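K.L.:
Protein sequences, first through last, are from chains V, H and Z.
When we follow this note's numbering, the leftmost residue of the first sequence carries the number 4, and every step to the right adds one.
When we follow this note's numbering, the leftmost residue of the second sequence carries the number 2, and every step to the right adds one.
When we follow this note's numbering, the leftmost residue of the third sequence carries the number 21, and every step to the right adds one.
Just so you know, these hints were derived from the structure itself, not from any lab.
Please note that the accuracy of each hint is not assured.
To be verified - List time: in silico BS3-like cross-link candidates among lysine-lysine, alpha-carbon distance up to 25 Å: (1) Z:LYS363 - H:LYS144; (2) Z:LYS31 - V:LYS70; (3) V:LYS63 - Z:LYS363; (4) H:LYS144 - Z:LYS306; (5) Z:LYS305 - Z:LYS236; (6) V:LYS155 - Z:LYS306; (7) H:LYS144 - H:LYS232; (8) V:LYS63 - Z:LYS305; (9) V:LYS178 - V:LYS165; (10) V:LYS127 - V:LYS114; (11) V:LYS155 - V:LYS111; (12) Z:LYS306 - V:LYS63; (13) V:LYS63 - Z:LYS24; (14) Z:LYS236 - Z:LYS76.
All values reported here derive from a predicted model rather than from experimental measurement.
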Amino acid sequence: MGRAVKIAMAGEGGQGVQSVAQILMDAAILEGKEALYIPNFGVEQRGGVTIAFVQIGDEKIGAPKFKIGDIVLALSDRAVRRTQMYVGPQTLFVYDSGIEGVEGDLPKNAKQVLAIPALEIANKKLLPRVFNILIMGAVIGATGVVTLDNAKQAIEMRLGYKFEKNPELRELNFKALQEGANLVAGMGGVIGEGIPVRSQ
Amino acid sequence: MELQPKMPKSWNLESKPHKFCPGCGHGMVLKALGQAIDELGIQDRVVFGCDIGCSLLSWDFFNVDTVQTHHGRTTPVLVGLKRANPDLIVVAYMGDGGGYAIGAQHLVNAANRNDRITAILCNNTNYAMTGGQMAPTTMPGQKTETTPYGRDIEEAGYPMLGPEMVAAITHEGAYVARGTVSKLRTLKGYLKKALENQIAGRGFSFVEALSTCPTNWRTNAEQTWAFLEDKMQGFFPVGELKVPAEAAGGASEG
Amino acid sequence: MSEKPVEGERKVFMTGNEAVCWAALAAGAEIMYGYPITPQNEIMHYWTRNVPKFGKRFLQTEDELSAGFTTIGGVLAGRRAFTATAGPGNVLMQDPLAMAEAMRIPVVVVIQQRGGPSTATVIYSQQEVTLTCFGGNGEGLRLVYSTSSHQDLYDYTIKAFNTAWKYRFPTFVLADGYQAKMRESLTIYDPAVRGIDMVPTEPFLGKPGRIGEGRKAVHLRNTYNIEEELFEVLEHDIADYERVAPEIVEYDSFSAEDCDLLVVAHGVVFRSAAMAVRELASQGKKIGYFRPITLRPFPQEQFRAAVAKAKMLLVAESAYGQLLKIVQQNLYGSTVPIRAMLKPGVGITPEEISDECTAILAGNPAHAGCPLAGAGAGWAS
């Protein structure tokens, strides 16, 4: 229905899922695309799985939420279970390989299930704090919804004030973005056009 | 989940771990209440009602009959229950909005009628579940989502002193107290006396519990406790405000 | 201090609640009264933050009864006043809204529909249509705009103030929790740069001047002694309402002339319907849509014209027949078969509507999704 890519990202509070959604939205706007983002929300202030529903495309987006995602990303064990309902035969399901005890909960009906060592790479090669930017890179790498350039610009817009004080953070964030993109594309997890692994 | 040594028997194990935020005072108040119910042996007769707001998360907290109502309407639902079946021990559990804003008329009228119910109100100075707006108990200068520049007394009035108001309008037989989660055993003592007051059929019983909300106060553990003990207790004095003559001297603490 | 909140026009990206707040500011709203309830709280959050900068006023009341009655007070004082609520708050607000309806007081209310009845969910539905259009103990002399995008939210919040003050009926912007919380682009603007003049307000009470010297005391009431007195007042108000309805109604339609299937939807469900219909139409299917923008007054004349050549209707809503019964009422006498996709409290996607339309167009009445609507609105025949 139209050309919008449907992205669902889920994790625990504090993992930065909603921040990634915001930055992706900014990047989509920069790219001149139509975009819509809605977080899940319920009565509890804290403690539930946090989900971001993001849609980016060329035409005005239809419904704010979708039944089945093109890409569904889960960053915790609860998120894996909670996001089963958004997985269909064409869905790319991505989860962090560091999550334990979810083998039995992984979707059996997805097009492809991908375990990416996002947290491991963030911890070992980068810094834990850019874990969510790495995830953002993974989403972009898999879907090609925005260019890495626009993603970087969006990151600059949101986090630029932090980079003023600490310029190394800029490189770190941009590196995380690229790492994430490489990760998914390198594992063959690409839907639609994705982006070339070797960009800029 | 197994019964932990410190968990009241009247707690519902299936709903643990509970859904309250880390550092929330509700868990502590409900623990004190659970202990009081255990000690009085009234688990089978208790009906626990909760309001809208964070108190609604207690709807399946206890292993007693419970009913989650509408905002501010827990008091009248439980008054209705008690009038129809006086053998029940009814506990109306609510927050500052449910008791002092939208539910104020019900609280005032139940108090004036000396309805034999026990109302317990958690005061954390904000509307927490809806995202931290001003509550009747928000203190002067306190920043909330609807007082982003601090509560201005000229515009928004003073924080409500609920137990003081209830004590002023209730009649002989009523029990009114204000406790705090930072003095939990004392609070439990007040809750127990409040319930005993209902069991003995003397009159309306009301306990306000000063409680914590680090999520919306945006405080860490240390700051949370400081806010509770220094700021809040400075504004909302802790103690028993009204004790029926027959109840005085029968202290049930500890 | 009092600069214009919105100068010129510019494209922005924000949540629906924020868009409502900016529209109210741009429209020159002066005072907001409100009580917290999800999912409209952020309207108050944004408003209170802008109070000092733009010289606005705000009162958080003790509940929604008070929010409605204080808004009436603000309007009686001649201010562009508004409030916002949802779900159980909307239920409570019917008491003051009935008074506003009876006394022709132009209050503006934004409704962010959530699941119902009772507390249900804080999230989304289209289950407050009946309540918003016909709530209270009156005849539904209300003006209701149903928005389906942030641009709508902005445009119609501004328009609501003008419609209310020009025609003197309580006016509503009916949206929902999805619209409130989602983020998308819109263009915010100063109404003046679009040639929109704000209808001036005037006090009902406390007008300037000395009593007896050119100023008469005003006595407002909503109570009558005998039935005939009431009837006369209602006759007059109803005549007013019916006279101005044609000026107020708004709708949107696509390819309605001579279609095999006409999809009828409002609010955010309309977005999904529009997408599904346009896609199927581009594949050569004879399909169209009709979107009522004003639910009250309903664009009956235009709707009947659109339906005249349709072979079948599909009504889709996130409620159990609240739009359907308005549709049926306005189509009385028409024999066009109506199928209904009724999903109280849950969203409806373009895919769901598309699948259903495809099945209907293929002549597959066995498709379990949408029963034929019978004589009772919403309930399968």
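K.L.:
Are the hints correct? Go through all of them and say.
P.N.:
Okay, the hints, checked on the actual structure:
| no. | hint | in the structure |
| --- | --- | --- |
| 1 | Z:LYS363 - H:LYS144 | violated, 41 Å |
| 2 | Z:LYS31 - V:LYS70 | violated, 29 Å |
| 3 | V:LYS63 - Z:LYS363 | holds, 23 Å |
| 4 | H:LYS144 - Z:LYS306 | violated, 58 Å |
| 5 | Z:LYS305 - Z:LYS236 | violated, 65 Å |
| 6 | V:LYS155 - Z:LYS306 | violated, 45 Å |
| 7 | H:LYS144 - H:LYS232 | holds, 14 Å |
| 8 | V:LYS63 - Z:LYS305 | holds, 21 Å |
| 9 | V:LYS178 - V:LYS165 | holds, 16 Å |
| 10 | V:LYS127 - V:LYS114 | violated, 30 Å |
| 11 | V:LYS155 - V:LYS111 | violated, 35 Å |
| 12 | Z:LYS306 - V:LYS63 | holds, 22 Å |
| 13 | V:LYS63 - Z:LYS24 | violated, 30 Å |
| 14 | Z:LYS236 - Z:LYS76 | violated, 30 Å |
When each numbered hint is compared with the structure, violations occur for hints 1, 2, 4, 5, 6, 10, 11, 13 and 14.
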